[in-house]
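With the hints as constraints, model all of the structure from the sequences given.
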Amino acid sequence: MRLSVDSTDIRQIDISDIDCNDTDFRITTDNRSRAIPDDLFESIRNVGLLTPPVLFQRPGTPEPGKSFSIICGFRRIAACIRLGSPTIAARVMPADSNELALTLLSIADNTSIRELNVVEQALAAAKLSGFVSDPTVLFREAATAGLILNPGLLAKLLKINTAFDELKDLLAADIIPLSIGLELTTLEKPDALGLARLFEKLNPTLNHQKEIIRLAKEIARLKGCGVGDILDDNPVRAIVTDTDMDRNRKIKRLRACLRQMRYPEIVRFEEQFLDHLTQLHLPDTIRLIPPAEFEGTVFSIQGRFTCREEFETMMQALDRLHGHPAFNRILDKNFENH
Amino acid sequence: MKITELYIDAAVLDFPVTRHIMRRLNLNSHVIDAPDDMFREIAASDSPVDQGKKILFLTQNRGRFIRQCPGTEYYTCCNYMILHVGTFCTMDCAYCILQSYFHPPVLQFFVNHDDMTAALDHWFSENPEIRIGTGEFTDSLIWETIYPLSEMLISRFARQNRSVLELKTKTVNIDHLLNFAHNRKTIMSWSLNTFRIVKSEERGTASIPARLAAAAKCQAKGYPLAFHFDPLVIYPGCEADYQEVIEQLFKTIAADNIVWISLGSFRFMPDLKPIVEKRFAQSKIVYGEFVKGIDGKMRYFKPLRIRFYQTIVSCIRALAPDVTLYFCMEDDEVWKKSLGFMPQDRGGLPGMLDASAVRHCHLER
Chain A
142 MRLSVDSTDI RQIDISDIDC NDTDFRITTD NRSRAIPDDL FESIRNVGLL
192 TPPVLFQRPG TPEPGKSFSI ICGFRRIAAC IRLGSPTIAA RVMPADSNEL
242 ALTLLSIADN TSIRELNVVE QALAAAKLSG FVSDPTVLFR EAATAGLILN
292 PGLLAKLLKI NTAFDELKDL LAADIIPLSI GLELTTLEKP DALGLARLFE
342 KLNPTLNHQK EIIRLAKEIA RLKGCGVGDI LDDNPVRAIV TDTDMDRNRK
392 IKRLRACLRQ MRYPEIVRFE EQFLDHLTQL HLPDTIRLIP PAEFEGTVFS
442 IQGRFTCREE FETMMQALDR LHGHPAFNRI LDKNFENH
Chain B
33 MKITELYIDA AVLDFPVTRH IMRRLNLNSH VIDAPDDMFR EIAASDSPVD
83 QGKKILFLTQ NRGRFIRQCP GTEYYTCCNY MILHVGTFCT MDCAYCILQS
133 YFHPPVLQFF VNHDDMTAAL DHWFSENPEI RIGTGEFTDS LIWETIYPLS
183 EMLISRFARQ NRSVLELKTK TVNIDHLLNF AHNRKTIMSW SLNTFRIVKS
233 EERGTASIPA RLAAAAKCQA KGYPLAFHFD PLVIYPGCEA DYQEVIEQLF
283 KTIAADNIVW ISLGSFRFMP DLKPIVEKRF AQSKIVYGEF VKGIDGKMRY
333 FKPLRIRFYQ TIVSCIRALA PDVTLYFCME DDEVWKKSLG FMPQDRGGLP
383 GMLDASAVRH CHLER
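As given, the protein sequences belong to chains A and B, one line each in that order. Take any residue in the first sequence, count from 1 to its spot, add 141: that is its number in the numbering used here. Take any residue in the second sequence, count from 1 to its spot, add 32: that is its number in the numbering used here.
Straight line, CA to CA, 20 Å or less: simulated EDC-like cross-link-like pairs of lysine to aspartate or glutamate:
hint, chain 1, residue 1, chain 2, residue 2
1, A, K300, B, D78
2, B, K369, A, E406
3, B, K310, A, E329
4, A, K474, B, D364
5, B, K324, B, D262
6, B, K324, A, E352
7, B, K324, A, E406
8, B, K329, A, E359
9, A, K297, B, D78
10, B, K316, A, E406
By construction, these hints were calculated from the structure, which means they are not laboratory data. Quick caveat, the model's predicted, so the values are computed rather than measured.
Shown next as structure tokens:
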């Protein structure tokens, strides 16, 4: 489905005839906040409108009145309105234009000058899905407008398109990555928003975001409450709101806190192990490594030395492990009652 | 879950077992040359597991009817042999590994029973492993409602003295089996769990009192019995709950008629977790304190499960000090710390279980 603007004349249109509230063809996320980029505003003020917006007069709409819908150029028109221009030079698409073709035109207008953010891609994909149900045709049509889709991405984008506005803002601003956004869409809005705001504030890595979501969700399931309740819980809130702690330390403490809530017995056992290890007073040159996850049975010891004297010192330290009660308790791997 | 669709491999359409099941189910049947399209359709559905439980596919076992249990290397396996009669299950347990084991999961019943009989004849004629069962890839007794498979197997095993068949189930489909001449060569066995786990995690299974009542009926008819506490699930208060079931067990069943009791804590491949989360939204079983085991399965943190096993073992030992008790897929450390010995101290796990089978089932060895 192709539609070209080449054959359309540029006409002078009264700005008052343009329906700026009709967002059917709007792709740009900036428009949700009606923001007009400064450089665009200054350019139009200084040299005028270089590229005419594209309008469409819906069939059957009465004239005069708000009879023109915007296909391309929402921000350009907003800038002209702010500058007080009574009229604007615009291309007007024929009244019999196909709406799918107009949608593709609106997408192409954006993809031709920049990369769409994930929310814009989601919106574009959702609009096209409204016209085309066959995925193969949809992918082909989207590609003509510079939007490259595949089955997996389409499913994700359609899910993102149904997310609430605050989450979309964070996705559009690239504060929340797509994979995390998808995770958050599975949560109740207050829970998702709580996590999204947390990530906005602390900016953890993608893996840390995934870990925090998983832990918070699972703790909430175990406690029978919402994720928001976990984030509002005292130890978590105390870490996040601590003004004396830097961001990296907060992330580290937060992860440890959630892990302790999710795996209390494992963490208690690890603390018990570390406590025994401390009692051994091993020098820095010796590392006692327990079996991975304490599941296997093989402990190992790593030692570093640079000369015979250091080797002998290391051997003496190892010798002291014989019969050491803390060493025996480490090897026993039993839970001890506090 | 009710079977609503019947698919029949064209190659088995005229088999007597197929005809019997067609008459019994009285469903519209689809005769197909190859199952690929059906498998694809199940795999593409919103919930392949639910879909797979509604479709019964009658086909041939083109592989081996008798095969070894797929144990893993590090953990101690009992070297159980499987009589592969079918796949998947009409009951629906949250923890069931079959949900992620088959791709896609689908109810299959193998109808080439002549081949199965030939495989069993060959098995008996050689020096067979002592223990074999049908309850690994399916429940042993769910098929009884559509075909009298157990009748044939029980009588076949009753005519020999070298091997014992274990029928493992969560159903109580046993009434028609009670008067068969089993010659103690069939062990009737039940999976047991706490009342809470049965209620929250097992859909469509018989209650624990019903299972124990069925076991008592079998005992009265001379069948040797076995029980499987697998999966043991750790949750707050679980120790008291398991103790209650163990007490019920030994109030109902004579300990000296139990060939073995197995213990196995909940373990699962990681890809089961999202399936449980999706299909059993209220279930918390996948949120235990799990770590990745040496075989890649998620297992309860080892010190935690040892502490738990110690409690369960002591409950059982207090009521049945001599019963053969074993762990399914655990290592020597767990055995030593929980049972006080390692399998090799008593001739290895297969040897332990074989000896108990010989003793209880009067086998010739």
